[in-house]
Amino acid sequence: MTTWKEKLEGSLPEDLAEEIDTYETQMNLKRQGKIEDRIFGETRLRRGVYGQRYDNGRRHDGVDWQTLQFPEELTKGVETVYDAPGMQRLKIPFGGLSADQIDVLADLAEEYSDAISHITTRQDFQFHFVHIDDTPSMHRRLAACGITTREACGNTVRNVTACPLAGVCRDETFDVTPYADAQTKFLLGHPDAQDFGRKFKIAFSGCQQHACGLTTMHDLGFIARTREVDGNVVRGFETYVGGGLGAVPQKAKLYEEFVPAEEILPLAQAMSRVFARLGEKKNRARARVKFLIQKLGLDEFKRLVQEERSILPHDDRWVSMVADAGDWTETPLHDAAALNGTAHPEGFDRWYETNVYKQRQEGYAVVTVSCPLGDLTSRQMRRIADLAREYVGDNVRTTVEQNILFRWVREADLVTLYQKLVQVGLGEASAGTIVDVTACPGTDTCKLGIASSRGLAAELREHLAAKSHNIDEAIQSFRIKISGCFNSCGQHHVSDIGFYGVSRKIGGTTVPHFQVVLGGKWQENAGSYGLAIGAVPSKKIPQFLDAITDQYISDREKGESFQDYIARVGKKELKKLVNAHSDVPPYEEDRTCYSDWRDPREFTIADLGQGECAGEVIERIDFDLQAAERVAFEAQCLLDDGDYTAADQRAYQAMLEAARGLVRLQYHDVADDAAAIVSEFRSRFYDTELFFDKFAGGKFANYLFHRHEGDAERDFSDEGARHLVEESQLFIEAAHACHGRLLEQGVLPQISV
Amino acid sequence: MELQRIGFKVICLEGESIPLVDFIPVFHRWIQQRLTETLLIDVADYSHVNEGPGILLAGHEGNFAVDETGGRRGLAYYQKVNQEGGISARLAAICRSVLAACKRLESEPEFAGKLAFNVRDLEVYSNDRLLGPNTAEANEALEAHVRELLARMYGNDSSSLRRESDTRERLQFSIKNDSADVDVTKALINLAG
Ligand code: SF4
Numbered sequence: 200m201t202t203w204k205e206k207l208e209g210s211l212p213e214d215l216a217e218e219i220d221t222y223e224t225q226m227n228l229k230r231q232g233k234i235e236d237r238i239f240g241e242t243r244l245r246r247g248v249y250g251q252r253y254d255n256g257r258r259h260d261g262v263d264w265q266t267l268q269f270p271e272e273l274t275k276g277v278e279t280v281y282d283a284p285g286m287q288r289l290k291i292p293f294g295g296l297s298a299d300q301i302d303v304l305a306d307l308a309e310e311y312s313d314a315i316s317h318i319t320t321r322q323d324f325q326f327h328f329v330h331i332d333d334t335p336s337m338h339r340r341l342a343a344c345g346i347t348t349r350e351a352c353g354n355t356v357r358n359v360t361a362c363p364l365a366g367v368c369r370d371e372t373f374d375v376t377p378y379a380d381a382q383t384k385f386l387l388g389h390p391d392a393q394d395f396g397r398k399f400k401i402a403f404s405g406c407q408q409h410a411c412g413l414t415t416m417h418d419l420g421f422i423a424r425t426r427e428v429d430g431n432v433v434r435g436f437e438t439y440v441g442g443g444l445g446a447v448p449q450k451a452k453l454y455e456e457f458v459p460a461e462e463i464l465p466l467a468q469a470m471s472r473v474f475a476r477l478g479e480k481k482n483r484a485r486a487r488v489k490f491l492i493q494k495l496g497l498d499e500f501k502r503l504v505q506e507e508r509s510i511l512p513h514d515d516r517w518v519s520m521v522a523d524a525g526d527w528t529e530t531p532l533h534d535a536a537a538l539n540g541t542a543h544p545e546g547f548d549r550w551y552e553t554n555v556y557k558q559r560q561e562g563y564a565v566v567t568v569s570c571p572l573g574d575l576t577s578r579q580m581r582r583i584a585d586l587a588r589e590y591v592g593d594n595v596r597t598t599v600e601q602n603i604l605f606r607w608v609r610e611a612d613l614v615t616l617y618q619k620l621v622q623v624g625l626g627e628a629s630a631g632t633i634v635d636v637t638a639c640p641g642t643d644t645c646k647l648g649i650a651s652s653r654g655l656a657a658e659l660r661e662h663l664a665a666k667s668h669n670i671d672e673a674i675q676s677f678r679i680k681i682s683g684c685f686n687s688c689g690q691h692h693v694s695d696i697g698f699y700g701v702s703r704k705i706g707g708t709t710v711p712h713f714q715v716v717l718g719g720k721w722q723e724n725a726g727s728y729g730l731a732i733g734a735v736p737s738k739k740i741p742q743f744l745d746a747i748t749d750q751y752i753s754d755r756e757k758g759e760s761f762q763d764y765i766a767r768v769g770k771k772e773l774k775k776l777v778n779a780h781s782d783v784p785p786y787e788e789d790r791t792c793y794s795d796w797r798d799p800r801e802f803t804i805a806d807l808g809q810g811e812c813a814g815e816v817i818e819r820i821d822f823d824l825q826a827a828e829r830v831a832f833e834a835q836c837l838l839d840d841g842d843y844t845a846a847d848q849r850a851y852q853a854m855l856e857a858a859r860g861l862v863r864l865q866y867h868d869v870a871d872d873a874a875a876i877v878s879e880f881r882s883r884f885y886d887t888e889l890f891f892d893k894f895a896g897g898k899f900a901n902y903l904f905h906r907h908e909g910d911a912e913r914d915f916s917d918e919g920a921r922h923l924v925e926e927s928q929l930f931i932e933a934a935h936a937c938h939g940r941l942l943e944q945g946v947l948p949q950i951s952v
Numbered sequence: 097m098e099l100q101r102i103g104f105k106v107i108c109l110e111g112e113s114i115p116l117v118d119f120i121p122v123f124h125r126w127i128q129q130r131l132t133e134t135l136l137i138d139v140a141d142y143s144h145v146n147e148g149p150g151i152l153l154a155g156h157e158g159n160f161a162v163d164e165t166g167g168r169r170g171l172a173y174y175q176k177v178n179q180e181g182g183i184s185a186r187l188a189a190i191c192r193s194v195l196a197a198c199k200r201l202e203s204e205p206e207f208a209g210k211l212a213f214n215v216r217d218l219e220v221y222s223n224d225r226l227l228g229p230n231t232a233e234a235n236e237a238l239e240a241h242v243r244e245l246l247a248r249m250y251g252n253d254s255s256s257l258r259r260e261s262d263t264r265e266r267l268q269f270s271i272k273n274d275s276a277d278v279d280v281t282k283a284l285i286n287l288a289g
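Those protein sequence lines, which keep their order, are chains C and R. Under my numbering, the first residue of the first sequence is numbered 200, with each subsequent residue one higher. Under my numbering, the first residue of the second sequence is numbered 97, with each subsequent residue one higher.
Bound conformation, chain C alone:
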């Protein structure tokens, strides 16, 4: 049977092709029981392959527990059934997409998911209900169009986000796109960014005053700045660290007022090293960089990062990757032309008001395509690709508000573009309005979801859309954001009105509720976080929303913002409004509140699974030894195929991988070079006898030394290769044993750099 691997042979970048082959080998090893669940779990997360609700094989159906009888007992992570459908997340740096890429996403959604491409609150795409066996083909088809899934999940640097208006914005200092792009490429797979205790999020913003970049809620945030140095305008970034939402939201702190552009990559690298070395690894709840800064204090954190920066081995890419950023431009597909006298069809004026942004480049506009709950069908995706080709070329981006932007639309095309969007159900005039509710996946698919954020969002959208023509101007541009739990993926802290899922016991029965968070600030890069007021039963949220907005409209002082109003009225008063909506009738009288939106099952939180948001914390050495095993496995396969020359070389490579893993325990920056690895291994593990087996002494180390020393004059033979493959396996076993002894003795050496 033909495979995508065969079909796409030669059309993938070599490094991506190899990465995906490696991942597929790891899947095979998993099937053979040769990789532990916790390591394979983190391995797949680092390929964006995420778990989904009920993947532990159990589901509460509202009446009773059901065991989902998947055909196999195999697992793909701790308590995660191999065959259970999961989620695949992609990395879309700064949300930038081409028309051809959109076409590919449409195809993948149909063939492997449920024909829905979902835009996330981090400008990514994700697909649900995907079988893990389909993921290598997906990865190859994505790689062939320039999209990676690498480090889309897990304890890694996540998608680097940026203002979707970058480059066309009327207020920006400069276009941050090329810097976000450079940061992505520099850190992707970077050895210094592989050993975190938790994820690390980076964002770029072109200005301070608008919301687009949301830098203050990121681990590392960059705001564009310029400075005059010797009469020249120099680019740089006001830099923030340690922000984050989650259960304990924290605004990022100012790290440096001006970091020159050519310093942002080494700064991120040095910070990654400090985070990897000193960040919490055991307690996931306190493992984000914000907690490290809290523990050390900002000054000490800065000192450590600066110290690390000063001893980083030089990397030419720090400068070369941003050198041409000032020349970075996008090419519009058509010459500029103003909106002419074409008659406006029904609905156009309202849409123009909400969904069109006049670019700083005369005659061009940005069009926001409102995507309800961030969902697009495959047919809509293909239509978006067609319209992109017709009107803007590859100038398409996603937004953290789960919409799509067409940039560089010449104004003269707005009417026809609007009409064509309406034809595919994408002409809704709601962008940036109260109707454009955003939500995380919640209980629909997320294992940690407590309440149905998407169910509530869908309900509120309908509720608000029905009266959208009569919504008071004072609340028109309110942001409503919903998370299924306190982890805040829906970004509820930075919305005017936010909700996150909680539960309450009422008369012994569990009732879905949403905690109400009021007065967060979306502007000024998520300028402030909202105030948690109290919990309202899920089914009563629409009435509560009407009540709080009506109260604001009638009681606000002239020109008073919602944030100021909330601060003035205070928690105590607002709590009264919450209390007025918190009554739940007894179960025997009315069961409405005892189930969630769009889910008739009697509510339970027993379905909650173990989250994979952070992944398992796996030490670097575990990955290195696992990589060595994979290479040894490949050597065995090559031997079976009769290719003994390649088998011999892979077996040697496997030993080098294992040796390097051990060396890295002591010497982080060991060069990726056989001579350097063997020399360091000899002095650190052989001469010191750390590698010595109680009975075999240094015998296993000699397998490596012999192969390495005899490399030049090696006479490849079937028998020799067979021998070496066996030796490589023994060497890897010895490396595992050595690591185990060091752990037992608590003598894992200090890292020197």
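Hint data in this document are derived by calculation from the structure and do not stem from the laboratory. Don't be surprised by glycine CBs; every beta carbon is placed ideally from N, CA and C. The reader is advised that the hints may include incorrect statements.
[Said to hold, decoys possible] Pair ranges (Cβ atoms, derived):
1) C:789 - R:277: 47 to 53 Å
2) C:790 - R:209: 24 to 30 Å
3) R:185 - C:943: 56 to 62 Å
4) C:790 - R:112: 29 to 35 Å
[Said to hold, decoys possible] Only part of the chain R face toward chain C is listed, based on derived beta-carbon distances under 10 Å:
5) 146
6) 196
7) 231
8) 285
9) 287
Assemble chain R with the ligand onto chain C, guided by the hints.
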């Protein structure tokens, strides 16, 4: 033909105006009571998207959906995992799965007298651009097998098949057979025989 991922959709005769969300509790009940031969996992609500998968009943072997793709509501089922047997047997098995689900849905008390499927108005598609791309060659290969199945199901050879012309879309046939005297039950019997 190696194609495995095949989908069928039976178009609604009546029931276009039933709110999509009304299908949610019914599908949950199907999971509770394990009402299909395949493993059902969860229900997903896509009623907010235009002409999309509507309400999805996700399963292991395949997904069901009250689907509105192309602006036509119907019940769809598409296979996700490989099946035993040749292409004809696989087509027939998937067709039986969707017909059985249509029959069950028609008889749900919530939809009594309000929902009916027109078994003479179908769509069949290849959900695999590798093994069943929308090309003339694959079209020819699949059409022969589909016709054979339709002849069995309808008891005549007069089905009209229209192929999807946009080659970026999946290889798909829209099928009509106005002269066949079949409803869902009879079609199931014909396929069983
Ligand atoms: S906020 Fe909670 S429910 Fe929503 S995606 Fe994040 S972890 Fe899941």
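Cross-check of the supplied hints:
no. : hint                      : in the structure
1   : C:789 - R:277: 47 to 53 Å : 49 Å, holds
2   : C:790 - R:209: 24 to 30 Å : 27 Å, holds
3   : R:185 - C:943: 56 to 62 Å : 58 Å, holds
4   : C:790 - R:112: 29 to 35 Å : 30 Å, holds
5   : 146                       : 2 Å, holds
6   : 196                       : 19 Å, violated
7   : 231                       : 13 Å, violated
8   : 285                       : 29 Å, violated
9   : 287                       : 25 Å, violated
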